[in-house]
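4 protein chains.
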Amino acid sequence: MYKSLKEECFEANMMLPKLGLVLFTFGNVSTVDREKSVFAIKPSGVPYEILKPEDIVIMDFEARVVEGKLRPSSDTKTHALLYKTWDDIGGITHTHSTYAVAWAQAGKDIPVLGTTHADHTHQDIPCAEVLTDEMIKGNYEFETGNQIIDCFGERGLSHQELEMVLLQNHGPFTWGKDAAKSVYNAAVLEEIARMALLTLQVNPDTPRIKDTLRLKHYERKHGKNAYYGQGC
Amino acid sequence: MYKSLKEECFEANMMLPKLGLVLFTFGNVSTVDREKSVFAIKPSGVPYEILKPEDIVIMDFEARVVEGKLRPSSDTKTHALLYKTWDDIGGITHTHSTYAVAWAQAGKDIPVLGTTHADHTHQDIPCAEVLTDEMIKGNYEFETGNQIIDCFGERGLSHQELEMVLLQNHGPFTWGKDAAKSVYNAAVLEEIARMALLTLQVNPDTPRIKDTLRLKHYERKHGKNAYYGQGC
Amino acid sequence: MYKSLKEECFEANMMLPKLGLVLFTFGNVSTVDREKSVFAIKPSGVPYEILKPEDIVIMDFEARVVEGKLRPSSDTKTHALLYKTWDDIGGITHTHSTYAVAWAQAGKDIPVLGTTHADHTHQDIPCAEVLTDEMIKGNYEFETGNQIIDCFGERGLSHQELEMVLLQNHGPFTWGKDAAKSVYNAAVLEEIARMALLTLQVNPDTPRIKDTLRLKHYERKHGKNAYYGQGC
Amino acid sequence: MYKSLKEECFEANMMLPKLGLVLFTFGNVSTVDREKSVFAIKPSGVPYEILKPEDIVIMDFEARVVEGKLRPSSDTKTHALLYKTWDDIGGITHTHSTYAVAWAQAGKDIPVLGTTHADHTHQDIPCAEVLTDEMIKGNYEFETGNQIIDCFGERGLSHQELEMVLLQNHGPFTWGKDAAKSVYNAAVLEEIARMALLTLQVNPDTPRIKDTLRLKHYERKHGKNAYYGQGC
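Protein chains in written order, with our numbering: chain A, 15 to 246; chain B, 15 to 246; chain C, 15 to 246; chain D, 15 to 246.
I should point out that these hints are in silico values taken from the structure, not numbers from a laboratory.
Since we're looking at a predicted model, the values are computed, not measured.
Misleading hints may appear alongside valid ones.
One copy or two, either will do: identical chains are not told apart, so a pair holds if it fits within one copy or between any two.
[Unchecked claim] As a list, the in silico DSS-like pairs of lysine-lysine whose alpha-carbon atoms are at most 30 Å apart:
{"no.": "1", "residue 1": "K235", "residue 2": "K66"}
{"no.": "2", "residue 1": "K122", "residue 2": "K83"}
{"no.": "3", "residue 1": "K83", "residue 2": "K238"}
{"no.": "4", "residue 1": "K151", "residue 2": "K17"}
{"no.": "5", "residue 1": "K235", "residue 2": "K98"}
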């Protein structure tokens with residue numbers, strides 16, 4: 015019943031090691047079926063070398079198993095809440111990629127320093143504050159989703175214009191119209207994080223890119239006047 | 015009609031992922047046919063995994079499509095102006111390679127610190143200033159070409175002795191006698207940028223290489239007394 | 015007689031180059047047979063390209079050769095003492111992986127800065143102090159084992175909760191329930207070491223991860239309430 | 015006549031790209047035949063992808079071509095002088111490997127900070143001073159050899175105990191009993207250079223490794239009491 019959803023999820027997960035975004039099992043990708051109100055996610059702790067499409071677990075938005083013999087990713091509740099709250103996203107990726115984690119551990123937003131960043135979002139990449147003790151001791155993975163959503167709410171950010179976030183002391187979450195786009199965003203975020211650190215090593219006083227150029231590049235690729243790509 | 019030009023352009027573009035200079039579609043290479051006054055360039059946003067020689071787009075120097083079904087690279091007008099202005103260059107490469115971008119985002123010229131750099135140019139690699147708001151809001155990609163050309167003009171630099179430039183907040187452009195040489199220069203620039211940052215991390219007070227050694231290495235490889243390579 | 019033990023040891027050793035943890039022969043893995051009170055270890059200085067299962071050397075816990083034509087790893091006495099003292103470990107890995115060595119040479123513990131670290135241990139990774147001159151001039155490799163064990167004893171650390179250590183001026187040793195787990199820990203340590211350095215480069219004042227989150231992540235993966243993985 | 019010498023030289027040169035020590039043609043390896051008083055060296059500027067054993071050039075110690083249709087490496091005179099002066103070395107490697115170049119450009123000796131370094135030499139890796147203007151304008155590549163030899167003479171260093179050097183503003187030269195060992199040393203030097211920079215980034219005040227440990231590790235691998243490896 016969920017064969018194509020599982021295959022899409024499997025293919026997206028297999029991109030993580032190919033793109034150098036995961037060591038061992040430190041990452042997971044999910045993909046949603048909005049009509050059936052379910053999502054497919056990687057099983058917990060299964061090495062990519064032996065992962066098969068039929069291992070993928072099908073969940074509902076309350077993070078209950080719908081189909082699958084294996085335990086789902088330990089981060090499943092975070093995915094579930096993001097799908098439930100942001101009803102236009104189609105895929106979510108979580109990794110512990112090296113440079114994104116470095117910024118998350120440092121507790122710093124990644125400032126928008128150039129066009130590589132602005133091509134993908136015109137905002138700094140926010141680092142959502144570490145969870146409170148109550149959140150950690152409570153429904154931790156669910157509260158992780160809440161922390162991300164609250165960060166966007168409090169800062170007035172759009173999850174459509176900014177498909178990535180860092181969670182302090184933890185690492186990146188990215189999303190997109192489908193699973194493949196969320197993986198793409200995970201790779202872009204890692205590269206942006208690396209470029210930003212290197213830029214500040216060349217010049218610690220580097221200012222942000224100026225507004226006109228920041229918006230120009232974002233609008234080249236997004237919105238009604240976009241002219242990057244093949245328009246499909 | 016443009017079959018061999020497209021193939022040359024295709025082969026040069028495919029070198030970018032092989033040399034580790036691009037993530038996804040963050041780069042493009044073009045190659046010119048001076049007799050026909052056209053150049054071939056990568057289509058916009060097409061992944062390297064599925065790019066084919068017949069996808070390459072043929073343009074004239076006013077950046078009008080001569081042949082091709084796909085939309086050309088969004089940076090096409092920059093290429094067109096450089097070909098039109100510098101009538102002895104045969105290929106152009108643009109990437110967002112990591113270390114070159116770090117220097118570009120930092121807004122710093124790359125100082126000539128050693129022989130690896132001096133083997134390729136005896137000058138610092140200039141970082142052309144970010145475009146004015148008027149240029150950005152106007153004919154942006156055309157003005158990007160102007161900014162590069164003006165940088166060389168104002169600083170009295172020769173595009174023959176210095177086949178590479180950084181554009182502030184953006185990244186590198188390189189060129190050469192043909193497309194393959196412009197790709198070669200893109201890889202050299204990335205390595206020079208990396209070495210320069212690491213050098214300053216070992217010793218922040220590193221001075222430039224002295225003039226005699228700088229010119230010696232440049233002249234070993236360039237000009238009438240060159241003795242590097244097989245002389246062909 | 016020791017065929018499967020040798021093969022297990024061989025397979026684990028071959029993971030080191032695959033995971034990018036060794037240059038040339040700078041590393042070794044051993045695996046123990048508790049029933050027979052012997053362990054299998056890589057022969058000294060044999061390149062991974064030509065290593066064969068039958069080259070593996072079988073040793074007892076007094077570091078005497080039980081079977082094998084080749085000289086065992088020069089670090090064999092360190093392995094022997096660790097197996098003898100910590101009677102529940104099943105495999106040991108020693109490497110000179112780059113970032114772990116950087117911390118060891120710097121003589122610094124790796125602070126627990128995020129969940130990637132806390133997923134594997136809730137403690138800082140200790141850097142055991144350099145051996146005294148007497149230890150170095152005496153039974154050096156045996157004393158290396160003593161220094162590691164003393165470090166854990168003096169600091170009140172558990173070798174079950176912390177399966178990795180740095181030895182000052184030298185590099186990392188890791189262990190686990192079997193050889194494969196000790197190699198896994200070596201790769202995790204290298205990544206944690208890299209992330210920690212990069213984190214401090216982003217923000218030199220980064221504090222440790224807070225206690226609730228540190229313990230939450232450790233307990234997600236370890237102990238009776240663990241819920242990461244497939245529970246097998 | 016020189017077939018096996020050419021093949022040995024070819025094989026050693028082909029290790030450079032495999033070990034990640036060269037970009038394009040930025041390196042060369044030579045190997046000597048002491049009985050015939052000739053050495054084999056890579057031709058200048060020939061890409062590794064198309065290099066063939068028969069392209070290797072045979073030279074005498076005055077840097078005159080003995081056999082070969084191609085122009086030899088532009089660094090040939092440096093190799094010739096080192097072979098002539100140090101009559102017990104069998105192979106020489108020159109690269110522009112990234113981290114070794116960073117230290118060379120910074121004009122700094124690489125301090126001996128740990129056992130990875132001390133396993134290979136008990137000395138700091140010297141950075142020979144940049145050549146004088148007279149040397150550069152004169153017989154440059156020959157004087158490069160002189161500068162290396164003078165550096166060892168003035169500092170009282172042994173080219174047998176220290177098979178590697180940095181040349182200021184340029185890069186590393188390494189040697190050994192044969193060409194393969196000189197390539198091995200080039201890879202070791204690059205890794206030592208990388209580890210040293212990272213160590214100083216973790217702790218800028220890192221002192222050198224203490225004398226007992228430094229000598230212990232050197233003597234484990236070298237001299238009459240060595241016990242590392244298979245003793246052959």
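- request: Please work out whether the CA atoms of K151 and K17 approach to 30 Å or closer within one copy, between two copies, in both situations, or in neither?
  value: For K151 and K17, neither the intra-copy (36 Å) nor the inter-copy (48 Å) Cα distance is at most 30 Å.
Intra- versus inter-subunit Cα pairing at 30 Å for K83 with K238: between (44 Å within a copy, 22 Å between copies)
message: Treating 30 Å as the Cα threshold, decide for K235 and K66: within, between, both or neither.
response: Answer is between; shortest inter-copy Cα gap is 23 Å, intra-copy 35 Å.
query: Can you tell me if K235 and K98 fall within 30 Å by alpha carbon in one copy, between copies, both or neither?
result: Answer is both: 27 Å inside a copy and 27 Å across each meet the 30 Å cutoff.
message: Checking an output row: K122 and K83, CA cutoff 30 Å. Within, between, both or neither?
response: Neither: 39 Å inside a chain and 44 Å across chains, both beyond 30 Å.
Checked against the numbered hints given earlier, this structure breaks hints 2 and 4; the rest are met.
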